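**Student:** Chains W and U supply the protein sequences, listed in that same order. Under my numbering, residues 8 to 117 are what the first sequence spells out, in order. Under my numbering, residues 3 to 112 are what the second sequence spells out, in order.
To be clear, the hints were calculated from the coordinates, so they are not data collected in a lab. All values reported here derive from a predicted model rather than from experimental measurement. One or more hints might be untrue.
Claimed, not checked - Which bits of chain U does chain W cover? Going by a derived footprint, with three or more residues having C-beta under 8 Å, they are:
1. 60–66
2. 85–92
Said to hold, decoys possible - Result set (EDC-like, lysine to aspartate or glutamate): computed pairs, CA atoms no more than 16 Å apart in a straight line:
3. U:K99 / W:D33
4. U:K62 / U:D83
5. U:K99 / W:E37
6. U:K104 / U:E7
7. U:K99 / W:D66
Stated by the list, open to error - Beta-carbon label-pair distances, calculated as ranges:
8. U:S11 / W:K69: 23 to 33 Å
9. U:E82 / W:E24: 18 to 28 Å
10. W:L48 / U:E82: 35 to 45 Å
11. U:S53 / W:G23: 27 to 37 Å
12. W:K76 / U:G20: 43 to 53 Å
13. U:L107 / W:I67: 16 to 26 Å
14. U:H16 / W:T115: 14 to 24 Å
15. W:D60 / U:S41: 45 to 55 Å
Even for Gly, the Cβ is constructed at its ideal location relative to N, Cα and C.
Listed here are the chains, written in short residue letters.
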Amino acid sequence: DMKVTQMPRYLIKRMGENVLLECGQDMSHETMYWYRQDPGLGLQLIYISYDVDSNSEGDIPKGYRVSRKKREHFSLILDSAKTNQTSVYFCASSWTGEQYFGPGTRLTVL
Amino acid sequence: GDQVEQSPSALSLHEGTGSALRCNFTTTMRAVQWFQQNSRGSLINLFYLASGTKENGRLKSTFNSKESYSTLHIRDAQLEDSGTYFCAAEVGGSNYKLTFGKGTLLTVTP
Chain W
8 DMKVTQMPRY LIKRMGENVL LECGQDMSHE TMYWYRQDPG LGLQLIYISY DVDSNSEGDI
68 PKGYRVSRKK REHFSLILDS AKTNQTSVYF CASSWTGEQY FGPGTRLTVL
Chain U
3 GDQVEQSPSA LSLHEGTGSA LRCNFTTTMR AVQWFQQNSR GSLINLFYLA SGTKENGRLK
63 STFNSKESYS TLHIRDAQLE DSGTYFCAAE VGGSNYKLTF GKGTLLTVTP
């Protein structure tokens with residue numbers, strides 16, 4: 008069964024703190040993604056990774072960076088979190104197009 | 003403007019009835035995916051289409067790339083079909099990047 012996991016599921020941080028969101032997949036998919044979802048909007052692409060150490064900016068990369076050192080693992084890092092980064096973050100992976108999503112991480116920045 | 007225009011934004015159905023959701027695209031799309039976001043916030047894959055029509059139980063989806071639209075038909079709606087439905091499309095040549103519509107909030111009532 009194809010699976011994308013995300014940790015943690017819920018996170019509360021203070022403004023200025025660093026945040027690390029982790030994503031894993033067990034399907035050996037080359038491509039992985041980070042999105043955020045805000046109320047009333049669809050998902051917006053933050054970063055895309057085509058393989059280990061092969062990352063590209065999505066539509067809203069400002070304030071975020073990513074790390075992919077193993078094919079099955081993709082991290083999203085917020086250096087000095089801001090209150091407007093409060094959102095639900097989704098990770099996804101794909102092989103040739105169809106994307107599979109994790110359960111999401113609800114991040115609150117106070 | 004938005005590349006993926008989804009309609010309607012909200013829809014209410016009685017159990018046992020059906021309707022269609024639609025996405026119009028303002029540029030050539032290579033493929034489309036449909037998701038249901040349930041009450042827990044999870045994104046459930048419904049369909050992935052590069053062309054034509056697919057059917058799964060009470061759901062049927064069509065993607066017409068030449069006329070730049072996709073539809074999701076729901077028949078015999080059940081209470082568990084309630085949720086937000088998103089279409090997401092991959093722009094040709096975008097290297098597997100999905101652009102999401104803003105979603106249709108479906109409420110099924112007894």
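**Student:** Checking each numbered hint in turn, tell me which of them this model violates, lowest number first.
**Tutor:** 1, 3, 9, 10, 11, 14 and 15
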